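Student: The residues making up each chain are set out below.
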Amino acid sequence: MDTPKSLKVALIGNPNTGKTSLFNQLTGLTQKVGNYPGVTVDKKQGACKLSNNRTAIITDLPGTYSINPTSVDESIVLTSLLNTADKDFPDVIVVVADVENLKRNLFLFSQVKDLEIPIVLAINMSDQMKKKGITIDVDTLKKELQTEVVLISARKSIGIDEVKNAIENCAEAANTHPLCSINHKIDGDYFKNLKEVSPNHTLYELWLMITQNNFPDSITKEEKIKLLEFTQDVSKVRRYQHKETIHRYQQINEILKRTYIVDRSKANDTRAKLDKVFTHRIFGYVIFFGVLILIFQSIFDWSTIPMDYIDAQFANLSEFVTKQMNTGVLRDLITDGIIPGVGGVIIFIPQIAILFLFVAILEETGYMSRIVFLMDKIMRRYGMSGKSVIPLISGTACAIPAVMATRTISGWKERLITILVTPFTTCSARLPVYAILISLVIPDKKLFGYFSLQGFTLLSLYALGFATAIISAFLLHKIVKVKRTSFFVAEMPNYKIPSIKNVAFDVVEKTKAFVFGAGKIILAISIILWFLASNGPESYKNAEKSVIENVANKNLSAEEIQDKIASLKLEKSYIGIMGKTIEPVIKPLGYDWKIGIALISSFAAREVFVGTLATIYSVESDDENVSTIKERMRAEVNSETGEKTFSLAVGMSLLIFYAFAMQCMGTLAVVKRETKTWKWPIAQLVGMGALAYIASFITFTIFS
Amino acid sequence: MDTIATLVKGEIGIISEESLDVIPLKLLEMGCLPGVEVELLQIAPLRDPLYICVNGSHLAIRKEMAAQIKIIKS
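In order, the protein sequences belong to chains A and B.
Counting in the numbering used here, the first sequence runs from 1 upward without gaps.
Counting in the numbering used here, the second sequence runs from 1001 upward without gaps.
Worth flagging that the hints you see were computed from the coordinates, not collected in a lab.
Since this is a predicted model, take the numbers as computed values, not measurements.
Positions of the beta carbon are idealized from the N, C-alpha and C atoms, including for glycine.
Only part of the chain A face toward chain B is listed, based on derived beta-carbon distances under 10 Å:
| no. | residue |
| --- | --- |
| 1 | Asn-101 |
| 2 | Lys-103 |
| 3 | Phe-107 |
| 4 | Gln-111 |
| 5 | Arg-248 |
| 6 | Val-262 |
| 7 | Arg-271 |
| 8 | His-280 |
| 9 | Leu-374 |
| 10 | Gly-386 |
| 11 | Pro-493 |
Simulated pairs of lysine-lysine, DSSO-like, Cα-Cα distance not exceeding 27 Å:
| no. | chain 1 | residue 1 | chain 2 | residue 2 |
| --- | --- | --- | --- | --- |
| 12 | A | Lys-195 | B | Lys-1026 |
| 13 | A | Lys-481 | B | Lys-1063 |
| 14 | A | Lys-243 | B | Lys-1063 |
| 15 | A | Lys-501 | A | Lys-131 |
| 16 | B | Lys-1009 | A | Lys-276 |
| 17 | A | Lys-185 | B | Lys-1026 |
| 18 | A | Lys-564 | A | Lys-545 |
| 19 | B | Lys-1073 | A | Lys-257 |
| 20 | A | Lys-587 | A | Lys-564 |
| 21 | B | Lys-1070 | A | Lys-243 |
| 22 | A | Lys-257 | B | Lys-1026 |
| 23 | B | Lys-1009 | A | Lys-273 |
| 24 | B | Lys-1063 | A | Lys-103 |
| 25 | A | Lys-496 | B | Lys-1026 |
| 26 | A | Lys-413 | B | Lys-1063 |
| 27 | B | Lys-1073 | A | Lys-243 |
| 28 | A | Lys-377 | B | Lys-1009 |
| 29 | A | Lys-273 | A | Lys-130 |
| 30 | A | Lys-413 | B | Lys-1026 |
| 31 | A | Lys-478 | B | Lys-1063 |
| 32 | A | Lys-496 | B | Lys-1009 |
| 33 | A | Lys-236 | A | Lys-185 |
| 34 | A | Lys-43 | A | Lys-501 |
| 35 | A | Lys-192 | A | Lys-236 |
| 36 | B | Lys-1009 | A | Lys-103 |
| 37 | A | Lys-103 | B | Lys-1070 |
| 38 | A | Lys-185 | B | Lys-1070 |
| 39 | B | Lys-1070 | A | Lys-236 |
| 40 | A | Lys-243 | B | Lys-1026 |
Using the sequences and the hints, build the whole thing.
Tutor: Below you can see the structure in the form of structure tokens.
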């Protein structure tokens, strides 16, 4: 017997309908996240066994209120549904609807239905019907919609098998009818002519192509020219879109009148009560502030335990490999390049996972929308939106996911400003740099006998990051002129207890994306740095000999000689030469060529600073030796001035430099992807670099 | 002229037909249509945005948008 081919199924639905819950139920651990070609929107797919001899590949399309897109994520839905020739074009679509908002969900359903693809309507959260006083006449609804309708509760695993059956039946039957005939009620002639352009496409497909300017490959050049003629009268098209929307809602209202009854008296007002607290003019902000403190506390305090553990494990691994392998280039590459490089990425997993955990919980509960509501007016003064709060908070862990989180901001200008200023917030990569510099130059004293001066400095640097983000947003708001206007609308979903499964999937998936996305870049840079530091021209190769000749008469231990060789090798290596080259430029900031090397190497990723310093001062950078790095750095004397290299002035200047400078290739790459041009990442690099230079120069001058 | 922005908290109005041209498509698609009831549920602490319930959808919109949508108070 032939096994029928695997079905391709797409899940589509409004945000907050539990679409992802259903996806998790259907696919479980088989899900994979990929990318749509050309854009960075995540493409979630998973396998599902429908029946004994039938499987399906399920794609979870981004949540949307309409097929007409207003954001990058939403345009994926349209493109997926128009591109009939694509290998991933769905055989069956499952529209997931929320029982409480059925009317609005049916609007999206009616659009999808008109594309004439086999379709199943899954009405989710049906377990809430009794509580909300809702009754649905499913049989009549099936007839009216000419569609397979299934009542489900994805969270409670109710109706999942029925969905699977419906998918299979629907693919077999393959009967498709448009629900709303958009033509005759709006403008009969216009739509008749439109349909005649291409007989192979449904009228609604053609209408979407011209309104959204999205032409799939199945449209010939001639057809496209003809189609474009229909868009000449822009205001007419717009008017017809409005009419279409009203027409759809009228038809849905008619259907629901016969099939959907709500007994308002049974509806409870938990939402209203909770809203009163969470959006209260005082308690609202107090609660938000409390949530922020909780997030910071967990990112910076609780995560240190797993981070220390990871750090120690990688140090052990390096040591282990060193002992196991023979001396040589390969061993050096592994122990000095690859292991520290991979470790540098892995060490951030606890912080990033905790941050994603909070973001996922805030989103699942519906509280995130209340933050947006509370903060919108404040953020707008600085050219941002209430939705900018999430990226700015996320930025304290890592700017890369933070920049990606700006996608929910619908206004382009607001989104752009948020992307541009997010890297100012103090990310976790700056933390090790701050930690070593602070312990080096800030005296271990108490302020007012209670606050630690070092702790206060660290806190001030965080405040400085936020303040700079806000101030530069305000300046950009005045400078950046954007023609594209758009408006703000945020759905305020009902409060929900978060589903552990959904949160867990979300955290794992996003953390994975970070590790493999940013990880690749950091790893590559680590290897390049290792190469530049362990290779050099002729003088590099002679370093060892010249040291031995020089110290021949002096009474030095073997260890001291080794250190001297390592230092001279570094000086003569490619990266040492680069450090020497930029020395004149960084001298006004108080830095010598050794700090220059650390600056160059940390251009790719800030946290590399500590590791580079460790190499420069020829100490191995494992845990036990941190005090030695510090001691050596403290003892380091500037060869020209004869003063300490790491004076208060130099330390402060460096702290300010790291607070402002754009030293993160990963962020630049993600900004390029999200803004689709090199213009903005370059502007960030130059602007933040200039600010860092000037501010460090001023700081150095004041403190010296 | 009454608009969504002139409603007081808890008050209900009906969106007037003439608002059709000023309501952005996205808002229409979310159920904010002429002829339907709109209730002002909450006002943000800084008087903006407004939290409304329209056609069963709970939405937050900014005051400048709300001030353009004309309504008839019921």
